[in-house]
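Residue numbers (the working numbering), protein chains in the order written: chain A, 2 to 400; chain B, 26 to 407.
Do not take every clue at face value.
[Stated by the list, open to error] Here are the simulated lysine to any residue pairs, SDA-like style, with alpha carbons at most 20 Å apart:
1) B:LYS362 to A:GLN274
2) A:LYS386 to A:GLN273
3) A:LYS308 to B:ASP75
4) B:LYS72 to A:HIS319
5) B:LYS117 to A:GLY311
6) B:LYS339 to A:ASP245
7) A:LYS96 to B:ASP360
8) B:LYS339 to A:THR252
9) A:LYS308 to B:HIS256
10) B:LYS351 to B:ARG398
11) A:LYS91 to B:ASP360
12) B:LYS72 to A:THR344
13) A:LYS308 to B:GLU115
14) B:LYS362 to A:ASN265
15) B:LYS339 to A:GLN248
16) B:LYS339 to A:VAL202
17) A:LYS95 to A:ASN265
Derived by calculation from the structure, the hints in this document are not laboratory data.
As a plain string of letters, each chain reads:
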Amino acid sequence: KTMRLRHFDCLLIRNLILSILSLIVTSTVSLNQISAMKRGAAAFGRTVEALAMKSSSSTLEKVRSVVVVGGTHGNEYTGVWCIRALEEQKKNLKKQYPSLSIDTLLSNPEAHANNQRFVDSDLNRQFTLEKLLQNARDTVEAKQAKILNERLGPKEDPSTDIVVDLHSTTSNMGISLIVPEGDDIMTLAAAYVAHKCKAEVKCGVHIVVHPYPDRTSRPSLSSCGKCGFTIEVGPVPQGVLRHDGVQHTQTALRIFLQFLQDYNTIGLPRMQQQVSECYDHSQKINCWRSAPAQQEGEMSGKIPWPKMLGNFPLVLIHESLQDQDFVKPVKKGDPLFVELDGTIIPYNGSHGDSVHLMFINEGGYYYASSGSGISVVVPTFYELKTGKFVVEDEPATIH
Amino acid sequence: MLKIRSFFSSFLLLFISQSVADASSPMRVTIVGGTHGNEYTGVWCIKSLDRRLSSSESTSTNNNNNNNPKKLYPHLEISTLLGNPQAHQENKRFVDEDLNRQFSYKALVEEFSSSLESKRAREINQLLGPKNFDEKNCNSDATKTTSDVVIIDLHTTTTNMGVTLIVGEGDPLMTRCAAYIVQKLRSSDDNRVSVLMHTHKDQKSRPNVASIVPHGLSIEVGPVPQGVIRHDVVEKTQQALEAALEFLERTQQQQQQQQTHPDELEKELRQSFPNGQVPCYRSAPAKRAGEMSSKIPWPCDSQNLNFPAWMVHKSVQDADFQEIEKGDPLFVDLDGKVIPYDGSHGSPVLLMFINEGGYYYSSSGTGISVAVRDKYSLETGK
Chain A
2 KTMRLRHFDC
12 LLIRNLILSI
22 LSLIVTSTVS
32 LNQISAMKRG
42 AAAFGRTVEA
52 LAMKSSSSTL
62 EKVRSVVVVG
72 GTHGNEYTGV
82 WCIRALEEQK
92 KNLKKQYPSL
102 SIDTLLSNPE
112 AHANNQRFVD
122 SDLNRQFTLE
132 KLLQNARDTV
142 EAKQAKILNE
152 RLGPKEDPST
162 DIVVDLHSTT
172 SNMGISLIVP
182 EGDDIMTLAA
192 AYVAHKCKAE
202 VKCGVHIVVH
212 PYPDRTSRPS
222 LSSCGKCGFT
232 IEVGPVPQGV
242 LRHDGVQHTQ
252 TALRIFLQFL
262 QDYNTIGLPR
272 MQQQVSECYD
282 HSQKINCWRS
292 APAQQEGEMS
302 GKIPWPKMLG
312 NFPLVLIHES
322 LQDQDFVKPV
332 KKGDPLFVEL
342 DGTIIPYNGS
352 HGDSVHLMFI
362 NEGGYYYASS
372 GSGISVVVPT
382 FYELKTGKFV
392 VEDEPATIH
Chain B
26 MLKIRSFFSS
36 FLLLFISQSV
46 ADASSPMRVT
56 IVGGTHGNEY
66 TGVWCIKSLD
76 RRLSSSESTS
86 TNNNNNNNPK
96 KLYPHLEIST
106 LLGNPQAHQE
116 NKRFVDEDLN
126 RQFSYKALVE
136 EFSSSLESKR
146 AREINQLLGP
156 KNFDEKNCNS
166 DATKTTSDVV
176 IIDLHTTTTN
186 MGVTLIVGEG
196 DPLMTRCAAY
206 IVQKLRSSDD
216 NRVSVLMHTH
226 KDQKSRPNVA
236 SIVPHGLSIE
246 VGPVPQGVIR
256 HDVVEKTQQA
266 LEAALEFLER
276 TQQQQQQQQT
286 HPDELEKELR
296 QSFPNGQVPC
306 YRSAPAKRAG
316 EMSSKIPWPC
326 DSQNLNFPAW
336 MVHKSVQDAD
346 FQEIEKGDPL
356 FVDLDGKVIP
366 YDGSHGSPVL
376 LMFINEGGYY
386 YSSSGTGISV
396 AVRDKYSLET
406 GK
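Bound conformation, chain B alone (with noise of 0.2 Å):
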């Protein structure tokens, strides 16, 4: 079993390898903060990254040298990039469509709209891409050096989600860089960390900023409020951050490494997932337009549309991940009505994003999200 599983490490390995750029150059990866011009953490951690790389620059305490994201991270080139600035500026989510939605081909290439966001997708699939959406090739990107390989967008939640990991089906070094963030923060105290897998069925159907480059990864933590930075909302991110670039970093060194050492990353992975499958969560296929997955949706108030008609009832608030069955308490209207689950996504469902204020939004797809248990294999990221 041993030899069986240290060949299909290496398969593995050979075939991660043809993924990313040529072993001897630096693995290029991006941190996007502030997508969502309010998430206000991620806009807080890519400053205090930028702080931390720059400080090399000068001379510096031993402690600044120490923390230097590029004495740790050697065979790694890291960059950040603040995703909406003008909706920073006026801590706002969006100035006038959610940009997390803009890098599907429709909203990319096919439809030409002069919002704000679309102008500024355009200008971050220059930076960072171009997005490739030829399907055979998403995962072999390797010839583009111009191109950044890894994007790491930074977004945080109004829900009780935790720390949730979002990627795509079908990349193994993204999955498997997940499943190491996974495997770092729950050793620490009271870490609540999932995965949770986008189904999108190509590159063009994928709307949002990380999957502007082969191997994207959003971080999503919560409950902050919009505007606000809380500092152990901020922590969680920032361990999340650098247990991923610390996979990233030994990925990198392993390659170079790995006709004379043993997969070392392999090893420890499968500590934790002795099967080569990890559990997580899978959301359920976008249905209306402005969702990146499907949602319960509320009516909104006929005079303002961003105003729901009806509020989450206090009974599945904060009870993200968790099931509900079909005639639980589900809304409650102006009047204290309580609108129990219809059934509509099946029963029992599990709902995730519960009275995200995001989702308030027709941009962003109004709604409580739905999702189904899951594993995806770590061999093929599916």
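Isolated chain A, as found in the complex (with noise of 0.2 Å):
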């Protein structure tokens, strides 16, 4: 509790910052200052009511509102379909999760009605509260981004206890489970949904684990509830249904929301007992890392693509690594890349010497808005109880 007061000291002072630099941005341009500063204090005001309630951000005794989205990028059908097979069984929800409020979203409309990504920007890369707070309205994203904050938050104080954000990839992952860094209740569901999903499912299933700790610097659209959970699922072509897919964004989603309902009923220290015997009695989860990000647009680190014509590659991921998300590191020297007259482009170790790859060729990551290249991770553990990473002497061994 003295940790997370401290924390909350920091978050304040932070909040308090940005509040007053958006005060004064807003006030110095010419139109609206009034309602600006209107906006303003109202963004300081619910910053101190966060301070004033308890903890947003992990640590819930119960979980009650439960928002599945879908369609966050426009062009990933396998969301859109899973969100409207959900609508159809409303009923059933009830009786099944009974202790669950489960809603359903369509994120991006207009992106989904074109079937493209995004229309300007991505809207998963809108939600950091630095960018919801400057209420920047000039891309479809932006505003959407807006909508979606008072509908699933407030960001600083969400009224949303769980947002799980389906999502489909072209590169070969599986099953992948995203959460965030130190979000003890999201890691516990992580490792309880690959444990069971393992058991129905033969295609791959990881949990990627972002390094964001601090829930208000999170982009992502999941980040705007008290905890944010992905269901990334792959590979399915873009624009594109595939039963298989669909099935597995499926059966991680039941599992997860029958965590939830778990989670209600036997409370967080029997539902941590219960994980660990999943994983023989261990407190440690192996995961996959992702790389700090470091180029603009990207959610976590990647090798960029060395030459690009807009958005349009112009090297190929070579065939040796294509498809083998998790699988296969590239080491320093080997070939990575192939030019348009066929020239091999080799990894030159900027990562590391030996790295492992995923959303290896994922056909949203040609985008800057995205972060274009290929993400790198890296195995290692968290604690099974708090969600952070384990700092081990040695490499964690892939599972």
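Given two chains presented individually in distinct reference frames, assemble the corresponding complex, making use of the accompanying hints.
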């Protein structure tokens, strides 16, 4: 509790500074000064409220409101199908998960109608507190983010307990459960879902942890709720519905909702015990830690495309790496890219002598708005109880 | 038998030579990529080809020179064309409507649409054609020296069709070309390669880019997602393309030498297809507006006509060129209920383009394509 209070001290100071700055910035603009000041004051007020309330980022005793989101990337059709299917099942959901109030949400309807990943900018990068407080409405997605923030959040003090965001990828990532570092409920859920999924599916199942311990700096839509969980399934082409992709998504979602229901029934300590038993009583869960973001637009660190023509890469990913997400590391000197004339560009060791990759040839990552390139990951562990990375002397083995 | 065979092959050569430009002038070949703007493979391949073509004009290493199409194929005049630049820029299949359906008589001449693709079709028709809709003359455009003679249109599909060479019926040059590519590619590992013959009754009803000129071929490779370029798919496309160019080059060479040298190409083709017949798939004739060939349609979401209400069942997914029977699982609805094949196209039925992303659009003809097994003659292309 002492630790959390200190954390909130920093959070408050940071948010106060941001609120003041936003007040100053908005008030120097000649138009709408009064409404800008009102907005700044409202943000300030919310921040103070947030401090007064209990922790909004972890250890909810019970979870109640759950929103299942699809179509955050408009051409990822799987999620849209799944939320439609859920809508058909509303009555059954109440029976299956009586402690949960489950809603669905199509988050980027305009992009979805156009079968585009996004109209102007990646919606799944619009949700840092900074961006939301800036109140920019210059792109379709920036506007939509504000609307979603009101519906699911607000970010400083969310009304929604759990936001689960359904995504698909053109890369061979099987079922990847993406959670943020330090969210103890969501990392526990990921461990539970991964274990149960493996018993039901033949594809790879992976836990990916993004190193964003501070929820306010997370750019993803799912960070709008108190807890966020992303289900990423692949390979599925954009703008296409694959039955196996849908089933994998629905399996992971079903088990996730069951986790929440059980969590409400038996409470955190017993849930932690139960999950630990799935991992031979270990207190460490193996996962993949994404590299820290470096380029503009990216959620996590990538090897960028060395040459682009607009959104068209002027290199191919070498076939020896295609479909090798999580499986085959690339070592310095290994073939990485291929140029138009067939010349091979080897991996130069920029992220380390030997690195694992994910989102290998993800169609969305041809776009700077999403952070273009191939994602880099490191096999490691997190603590079952806290969701924080374990600092190890030796590198984790890959399971 | 040998004498009769060589007589027929000489006759065939003569027939073919009537249908191409004068043997002393090079055969014009235009390679088109990005007819569907989000089929990135074709765009990559034409960019790569452009680079090789322009490398001859600068001082380059020996490697580049050996790779130069001008040296490899001296009897061909090769050019490239980006089919739908606007759609490609936006990473869309098309902006308003499918460009690859704009070249029928109805679309190009009768109905004047202001769509982007309709305008582009007229531009391309000027560049590469103009298309001769007269059925009798469709194989003898030799006099039109200003028009291209061969179009090779590069496509990809999200479906598991491997390498599929798409030709129209009755063109011996390109159907022999397709057979040659099959022969060449089958000798390498892991290369599923098929010939698909569309059976439009005449040039007027053929709606695709490749139909602008007398001799057209589409190279369709999958599976690859839209808006993505895969190294292996690029390689397969390039292999098929190089085999096509090689065949055309050798055909041109042979014409020049026809009196003095035996028909080597014919001999080789006969090794793979001893009775002169090439196994292929034949698409069922189109029934609905927008489709190139007949399909089993799916219903669409009432709020979004480009979003299916039924999903392709996993037992059929990736099973292109395999048969299903009436009663087999075909689709799945939102509740997970299985919808079986109703036998509407006969039973058993052979399916292809199973879950092609482009066929979520009525402009391209929604649904799963239907085909039958058939064969065509090397001599007549029928």
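Against the structure, the hints come out as follows:
{"no.": "1", "hint": "B:LYS362 to A:GLN274", "verdict": "violated (38 Å)"}
{"no.": "2", "hint": "A:LYS386 to A:GLN273", "verdict": "holds (7 Å)"}
{"no.": "3", "hint": "A:LYS308 to B:ASP75", "verdict": "holds (17 Å)"}
{"no.": "4", "hint": "B:LYS72 to A:HIS319", "verdict": "holds (18 Å)"}
{"no.": "5", "hint": "B:LYS117 to A:GLY311", "verdict": "holds (15 Å)"}
{"no.": "6", "hint": "B:LYS339 to A:ASP245", "verdict": "holds (6 Å)"}
{"no.": "7", "hint": "A:LYS96 to B:ASP360", "verdict": "holds (17 Å)"}
{"no.": "8", "hint": "B:LYS339 to A:THR252", "verdict": "holds (15 Å)"}
{"no.": "9", "hint": "A:LYS308 to B:HIS256", "verdict": "holds (16 Å)"}
{"no.": "10", "hint": "B:LYS351 to B:ARG398", "verdict": "holds (18 Å)"}
{"no.": "11", "hint": "A:LYS91 to B:ASP360", "verdict": "holds (12 Å)"}
{"no.": "12", "hint": "B:LYS72 to A:THR344", "verdict": "holds (14 Å)"}
{"no.": "13", "hint": "A:LYS308 to B:GLU115", "verdict": "holds (19 Å)"}
{"no.": "14", "hint": "B:LYS362 to A:ASN265", "verdict": "violated (32 Å)"}
{"no.": "15", "hint": "B:LYS339 to A:GLN248", "verdict": "holds (10 Å)"}
{"no.": "16", "hint": "B:LYS339 to A:VAL202", "verdict": "holds (14 Å)"}
{"no.": "17", "hint": "A:LYS95 to A:ASN265", "verdict": "holds (14 Å)"}
Hints 1, 14 from the earlier list are contradicted by this structure; the remaining hints agree with it.
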